[in-house]
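Colleague: Now for the letters of each chain:
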Amino acid sequence: MSTTTANPETAAPAAPRRRKARKIREVGTAVPLTAFMWLLAAMYAFPVLWFLLSAFKPGSELFQYPLTFLPENPTIGGFEKAWGRYDFLLYFSNTLAVALTTTLLTVMASAMCGYALAKYRDQRWIRIFFICLLATTMLPTEVILSPTFLVIRDLGMYDSFAGLVVPSIMTATGVFMFRQFFISIPDDIIEAARIDGARETGIFFRIMLPMSRPIIMTLAIFSFQWRWNDYIWPLIVVGDERKFTLQIALRSIVGAENIDWPLLLAASVMSILPLVLIFIVFQKYVMNEDINAGLKD
Amino acid sequence: MKRRLILTAGTAGAAALPLSACGFIGGGDDEGDADTIKFWLSGDANQGGGFQKMADKYFEETGVTVDIDDIPYDDFNTRLRNAAQADGLPDLARVSAIDPIWMNQLEDLSDVASEHGVMENLLIENEDGEIPTFLTDLTAVGMYVNKTLFDQAGVTYPTTADQIWTWDAFISAVKEVKAATGARYGLVMDPSSHRLRSLMYQFGSDGFLLGDDCTYSTDEAATTEALQFFADINDDDVMPRSVWVSGDDPNALFKSGQVAAYYSGSWQVADFQANIADFEWASALMPAQPRRATNLGGGYAVVFKGDKSKASLDFVNWLFTAENYTEICEISGFLPVIQGLDIDYGTSQASFDLYNEEIAASDPISSEQGNSALEITYAGQTSGGDADPLKDEAVKLANGEQDVPTTIANIIASLNENISCE
Amino acid sequence: MTATAIDPERLAGPRKRPGKAPRRVQYRLAPLVLAGVNIVLFGVFFVWPGGLGLAYSFTDYTGIGTANFIGLENYERLFGDPTFYTALTRTLLFAVISVPLMYVMSLSIASLLVSNYVKGKSAAKLVFFFPWLISPIVAGVIWRWMFGESFGFVNYVVTRLGADPLAWQTDPDLALMVVVMAATWGGTAFNMLIFIAALKNVPRAYYEAAEIDGANAWQRFRHITLPSIAPTSFLVILLSSLGAMKEFAMVQSLNSGGPGTSNTFLIQYIYETGFKRADVGYASAVSMILLVILLSIAMLQMWVNRRRAA
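Residue numbers (the numbering used here), protein chains in the order written: chain R, 1 to 297; chain B, 1 to 422; chain V, 1 to 310.
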């Protein structure tokens with residue numbers, strides 16, 4: 001949030017004292033801030049830790065009273081059961097294929113559309129289309145599930161890869177993110193490029209898109225998680241068990257009258273791991289992007 | 001950098017595609033296979049995987065593959081409905097309810113039923129005199145007690161018919177146990193209208209019955225008594241309100257060892273065997289005030305008309321032979337729909353014997369819920385859906401939002417809304 | 001690829017208005033091409049099914065059989081139903097409480113994670129991100145276990161400290177609080193990531209200039225950071241509001257819309273009155289009204305946003 005500044009006019013003998021004073025000030029700010037952040041992190045982590053630790057508890061320990069935080073007899077029984085019960089690799093690769101393909105297409109489509117909505121706002125139909133896109137988030141999925149299924153069926157996309165990928169490409173959130181980002185970029189750059197004779201789409205692909213790297217990465221993370229955790233849609237579109245995604249397999253652990261908790265917890269943990277890995281890889285790109293360089297005048 | 005990233009992502013995606021080719025792109029190539037029948041069900045794995053094991057055995061004996069798809073329970077009916085609309089129905093299925101959309105596409109199972117001696121009171125004929133479905137297994141409502149707590153308090157619970165208790169006596173007993181042992185609650189009950197009906201039957205009420213004039217009615221006196229009793233024990237002393245009112249998990253509460261009794265059903269036996277280690281539990285007979293009753297349930301077998309229906313019927317016939325049916329009941333902990341079989345439930349034998357005894361001694365009203373649901377569907381008087389006015393109104397009753405007469409009136413009004421006799 | 005509109009004034013001869021602004025060129029084709037994919041998808045996967053839904057709302061369709069036209073009957077029934085208004089007000093209350101909380105939490109955490117003063121950022125980022133990965137069903141269960149009235153962890157600690165256990169599940173307002181906390185916990189990472197990207201986008205030059213001028217951290221935050229990320233703030237608030245109004249899965253899993261029916265939100269209302277009772281026509285009508293309500297909220301926020309930017 002704040003940065004240190006260099007002070008070139010410091011006289012030489014005063015420099016060590018000033019530097020020391022600044023150091024003390026820095027530590028004075030760093031310690032409380034760090035402590036505060038870790039307090040928040042602890043609050044957020046507590047339920048997560050409980051969830052993770054519970055996955056290692058045997059069924060008899062989960063509900064005993066008084067409650068325990070750490071497992072008394074830790075076991076990986078749940079994990080073994082989950083691995084053996086479900087063809088995890090198959091569901092995993094199904095889900096991975098869908099998530100990757102959809103994410104790539106989603107990011108491209110959202111970037112293009114977001115840019116169009118941002119930089120051509122003077123045209124009426126653009127403003128109207130933005131509202132239309134926003135409206136897509138306002139009809140709950142449960143409601144248009146049935147009609148959408150009919151549409152998918154009529155288009156011949158039932159029980160197919162396309163049926164899972166194509167409807168998910170349009171996301172109002174993604175378009176909205178890009179739109180807001182591109183709005184915050186000054187128009188001078190575009191004007192300059194136009195004067196230089198660049199074509200509109202060229203401006204987009206060569207200048208604007210590379211600048212939006214943090215948004216690309218962020219949307220990629222989001223889109224991947226949405227598709228990874230997508231449940232309702234794959235359930236409706238997919239007919240064959242061999243095409244199940246992970247979430248469907250997970251949901252079938254919830255029985256009619258009772259739930260096999262050790263199994264559900266273990267399977268949930270296993271299904272979350274790939275997402276965590278993806279985040280660890282991608283977040284470096286989000287955090288370390290130095291795009292200020294392009295905007296400094 | 002970004003280009004490399006996209007290339008990596010693209011390659012990974014491309015690499016994943018062949019992996020999933022077996023699933024997605026190559027899907028559907030088993031349809032033409034003459035020796036495979038598709039079987040949709042829900043929750044088999046949760047119950048010991050009996051159907052899967054029988055499918056494997058069938059393959060060994062006949063070479064016919066029974067391809068089982070285990071589908072999430074909450075969405076099973078939606079799945080079937082959509083499949084019916086997209087021509088994707090399986091060859092056979094074990095369903096929880098018959099859907100009017102596909103009920104006319106079912107094969108007649110009368111021969112199967114009669115040949116293997118399925119219990120008569122479970123067979124319902126449709127308008128054409130056929131039997132499109134019957135239960136593959138029986139579940140029944142029953143009582144569990146925390147044996148450790150009861151023993152500690154020195155209170156007995158009935159395991160034979162001569163010791164049967166009334167609801168009043170039962171509540172006094174659990175209160176005594178609670179006081180003596182410091183347990184938190186006396187009783188928990190699943191927040192399910194299925195269990196509530198069992199309670200109502202035990203109070204002499206027949207529940208809500210559809211009359212010939214196409215409206216629902218009930219025995220006001222008995223039903224009021226039952227529902228009032230239910231509302232009274234939901235007082236955070238005997239029963240925790242949070243179960244009915246907020247969906248708290250009674251199974252988890254019972255397993256904490258702080259509750260004296262649990263009004264649930266036969267499907268919990270396997271779960272308790274595996275997951276209760278801190279205290280002893282036992283099955284007990286349910287109270288009767290004045291009559292003994294339970295509520296039956298289970299999965300319904302259906303065979304869909306099509307090229308594979310003969311093969312599917314063969315499998316069903318094979319499954320219901322005495323030897324095979326006994327085996328699946330033992331693996332999955334099913335109560336049998338065929339009487340006279342000798343089933344060895346291993347360590348759970350005592351519990352299941354008690355259940356069988358309860359079923360045999362129960363008033364015939366116990367099979368009313370399932371049977372009338374079938375009858376109404378066959379007659380085309382309902383359009384399906386998961387409406388449960390009894391539960392919704394009971395929740396409000398337990399929450400103190402309304403009194404018993406209002407509850408009964410609302411239930412009848414909602415039930416009437418969903419019925420149309422032509 | 002670009003199409004330029006010819007300015008007739010230019011062609012016609014000497015300029016009549018010397019002080020006129022530079023000519024506005026209309027780029028017609030480019031935005032059409034760029035937005036093309038989304039336009040098609042919008043038509044196929046929103047307008048088409050949405051239109052079907054709208055059509056159903058004027059009928060008594062039950063999912064099977066014929067749909068008979070009944071005009072505005074569904075809508076009349078809806079406006080006369082007191083439970084609808086209860087659900088609506090409860091959902092609005094939830095939104096009003098949870099959206100500001102979400103905004104403050106995600107912005108604070110994002111600021112902390114972007115700051116140079118804080119140590120251990122990478123590990124912390126992972127901690128904040130994890131809750132968002134957990135499915136709403138499992139999240140609902142986790143919070144139900146933690147705040148269970150009888151044997152929950154929080155009440156256990158409370159009783160150990162000597163106080164009475166709180167009625168987290170049977171008191172409507174306490175139950176709402178739990179939902180707010182759970183929803184914030186789960187949704188923070190999403191908004192946090194968006195804010196991080198936006199915060200990184202603020203030119204360092206501005207901060208440097210302000211620091212030279214002697215502004216302290218809070219002043220820098222208020223006068224540089226907040227205005228610079230204004231478009232992002234608008235996005236986060238709008239999406240959070242819409243998300244809060246559509247809350248369903250987590251609440252269901254946490255307390256079934258309880259206690260009783262006191263925390264039944266709008267989507268649950270639609271689901272129960274429409275789909276559970278196989279009254280698709282009625283459910284579609286309620287959904288159309290929901291669409292109008294959400295659209296109004298969005299328009300309102302956009303209007304506020306435009307006024308503030310002006």
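Treat the hints as calculated values from the structure; they're not laboratory data.
Values in this document were obtained by computation on a predicted structure and should not be read as measured data.
Here a beta-carbon is modelled for each residue, glycine too, at the ideal position from N, C-alpha and C.
Watch out, some of these pointers could steer you wrong.
Distance condition first, Cα-Cα at most 27 Å in a straight line; then the derived DSSO-like pairs of lysine-lysine [said to hold, decoys possible]: (1) R:LYS23 <-> V:LYS276; (2) B:LYS396 <-> V:LYS119; (3) V:LYS200 <-> V:LYS276; (4) B:LYS396 <-> B:LYS175; (5) R:LYS284 <-> V:LYS276; (6) B:LYS53 <-> B:LYS396; (7) B:LYS305 <-> B:LYS53; (8) R:LYS20 <-> V:LYS121; (9) B:LYS305 <-> B:LYS57; (10) R:LYS81 <-> V:LYS121; (11) B:LYS396 <-> B:LYS57; (12) R:LYS20 <-> V:LYS276; (13) R:LYS81 <-> B:LYS310; (14) V:LYS200 <-> V:LYS119; (15) B:LYS175 <-> B:LYS147; (16) R:LYS23 <-> V:LYS200; (17) V:LYS119 <-> R:LYS81.
With beta-carbon atoms standing in for the labels, derived distance ranges [to be verified]: (18) V:THR86 <-> B:ASP213: 47 to 55 Å; (19) R:SER60 <-> B:ASP151: 15 to 23 Å; (20) R:GLU80 <-> V:TYR75: 32 to 40 Å; (21) R:GLU80 <-> B:LEU341: 51 to 59 Å; (22) R:PRO32 <-> B:GLY48: 52 to 60 Å.
Colleague: Take the hints in turn and mark each one as holding or not.
Modeller: Hint-by-hint comparison with the structure:
no.	hint	verdict
1	R:LYS23 <-> V:LYS276	violated (65 Å)
2	B:LYS396 <-> V:LYS119	violated (51 Å)
3	V:LYS200 <-> V:LYS276	violated (47 Å)
4	B:LYS396 <-> B:LYS175	holds (25 Å)
5	R:LYS284 <-> V:LYS276	violated (46 Å)
6	B:LYS53 <-> B:LYS396	violated (43 Å)
7	B:LYS305 <-> B:LYS53	holds (25 Å)
8	R:LYS20 <-> V:LYS121	holds (25 Å)
9	B:LYS305 <-> B:LYS57	holds (24 Å)
10	R:LYS81 <-> V:LYS121	violated (36 Å)
11	B:LYS396 <-> B:LYS57	violated (49 Å)
12	R:LYS20 <-> V:LYS276	violated (69 Å)
13	R:LYS81 <-> B:LYS310	violated (35 Å)
14	V:LYS200 <-> V:LYS119	holds (18 Å)
15	B:LYS175 <-> B:LYS147	holds (15 Å)
16	R:LYS23 <-> V:LYS200	holds (24 Å)
17	V:LYS119 <-> R:LYS81	violated (40 Å)
18	V:THR86 <-> B:ASP213: 47 to 55 Å	violated (34 Å)
19	R:SER60 <-> B:ASP151: 15 to 23 Å	holds (20 Å)
20	R:GLU80 <-> V:TYR75: 32 to 40 Å	violated (55 Å)
21	R:GLU80 <-> B:LEU341: 51 to 59 Å	violated (34 Å)
22	R:PRO32 <-> B:GLY48: 52 to 60 Å	holds (57 Å)
The structure shown violates the earlier hints numbered 1, 2, 3, 5, 6, 10, 11, 12, 13, 17, 18, 20, 21.
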